[in-house]
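Knowing the structure of chain H, use the given hints to seat chain L on it.
2 protein chains.
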Amino acid sequence: MITPSRQKELKQLLNRIQIQDRSIDWDLLDQALIHPSFSTSYNNDYLEFFGDSVLRMVVVTFLRNNYSDRPVGDLAALRSHLVSDKVLAAIADSYGFDRFLVMGESARRDPKTFLSRLANSFEAFLGALYLSINNFSLIASWLEPHLESISKTILAQPAFGNSKAALQELTQGHWHILPEYKAIASTEPQVFVVEVWVNNLCWGMGKGSSIKSAQQEAAAKALPALVASLELQSQAEN
Amino acid sequence: MITPSRQKELKQLLNRIQIQDRSIDWDLLDQALIHPSFSTSYNNDYLEFFGDSVLRMVVVTFLRNNYSDRPVGDLAALRSHLVSDKVLAAIADSYGFDRFLVMGESARRDPKTFLSRLANSFEAFLGALYLSINNFSLIASWLEPHLESISKTILAQPAFGNSKAALQELTQGHWHILPEYKAIASTEPQVFVVEVWVNNLCWGMGKGSSIKSAQQEAAAKALPALVASLELQSQAEN
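Protein chains in written order, with the working numbering: chain H, 2 to 239; chain L, 2 to 239.
In case anyone wonders, no lab produced these hints; they're calculated from the structure.
Any given hint could be a false lead.
Stretches of chain L that chain H covers, calculated by requiring three or more beta carbons in the stretch to come under 8 Å of a beta carbon on chain H [unchecked claim]:
1. 44-52
2. 55-68
3. 95-109
4. 173-179
5. 226-234
Glycine included, C-beta positions come from ideal geometry on N, C-alpha and C.
The following block holds chain H by itself, in its conformation from the complex:
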């Protein structure tokens, strides 16, 4: 059960975000802001798992309402930005989430986990809001303006919608090489199938009505996979 002082604290957070607190499940909200470093048995692990799906649903609904004229590939690229740790941590940080997060002291002093703990607790927070009333209405009103301004920034980037350019930038920056695109036999008429290879591994496959659109799709799939792999390698080296 949440203590009165903790509830008062969390009311402050809800006030900052301008969320009506009448229908909040305070115990869930409390749990959403408990980092696993504080307790391995009572923490926000589960709510983060649940909140991930809540977030995706809010994001695709936002994209449908605002960018339905865009090709699906653009929407998928926007979605992967909008659900990224970097973006979630930035939104959480704008409300000073870290102050409300209960965690082990040494974890708090670790700058390396700052991004992921903010992002994870933000997802857990969304999970708690959804589960308080079993719908999205406590979330969309304040989250959508964030999604809107971030989307505008992303869409304004020169490499947006041009995954080939972004992938090439990445492989040249890291290994001074270009991605290799291989057209492979398609089983459907007028459908081109292309794979993209980097460092002797196939990182993505794309289909399209032209070689170019198939290459773009392959690059769009390769990008997050390659970025995730680089992050794992850099964690491994530290």
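Relative to chain H, chain L alone:
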């Protein structure tokens, strides 16, 4: 606009699944069952994108209502099975989805795309049902019994919940090697951090209150990444 004969056909599909058709958006439903091989401009691409998030939300809600006593790692493993092409295609096939799917003739004759076209159109179908009334109530009633029986089958498998065993089986089967687990320095007290390496690449990292639980988490993360990579390689070889 949907033709009367197509609407009659789609009513048959809804009858099979026992979905009340009063509030259905027929145009969306029609589009959900148009494969990109039929038309590159009017097809189910977008609804598949949207339906993916709808599906995940239905799945995590089902898991919350039925398996809330399970560790989060188990729920994540169950989710990845329940949203897999294999499972979605099997559910779609049980209602004879392929009969209702509009597609190019040569695509229909291609057995290699059978699984993915069923899975994709099933996700698009869920997207159309959600968007017809902007909630999940046309979906949960008939989909949950499927999720229940598939979950029971998965939970009964000996390797379930034992990702280390499953990963070992995979790497031995493919390369006659064992995954290598490396404990790395943790920045949090009483938290163990482990990486798992296969073929000189780090495929996953896990944290836990014991070395064993950290290894299980690392293996659980490595498994889908390695499976996806093998699938890409085998597509590349075909």
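Hint check:
1. Counting residues of the region 44-52 of chain L whose beta carbon lies closer than 8 Å to any beta carbon of chain H gives 4, which meets the minimum of three for the stated coverage.
2. Check on the region 55-68 of chain L: 6 of its residues sit with their Cβ under 8 Å from a Cβ of chain H, so the three-residue criterion for coverage holds.
3. Using a Cβ-Cβ cut-off of 8 Å, 3 residues of the region 95-109 of chain L lie near chain H, which meets the minimum of three, so the contact claim holds.
4. Check result for the region 173-179 of chain L against chain H: violated, 0 residues qualifying (beta carbon to beta carbon below 8 Å, three or more required).
5. A stretch counts as covered by a chain when three or more of its residues have a beta carbon under 8 Å from one of that chain; for the region 226-234 of chain L and chain H the count is 3, and the coverage holds.
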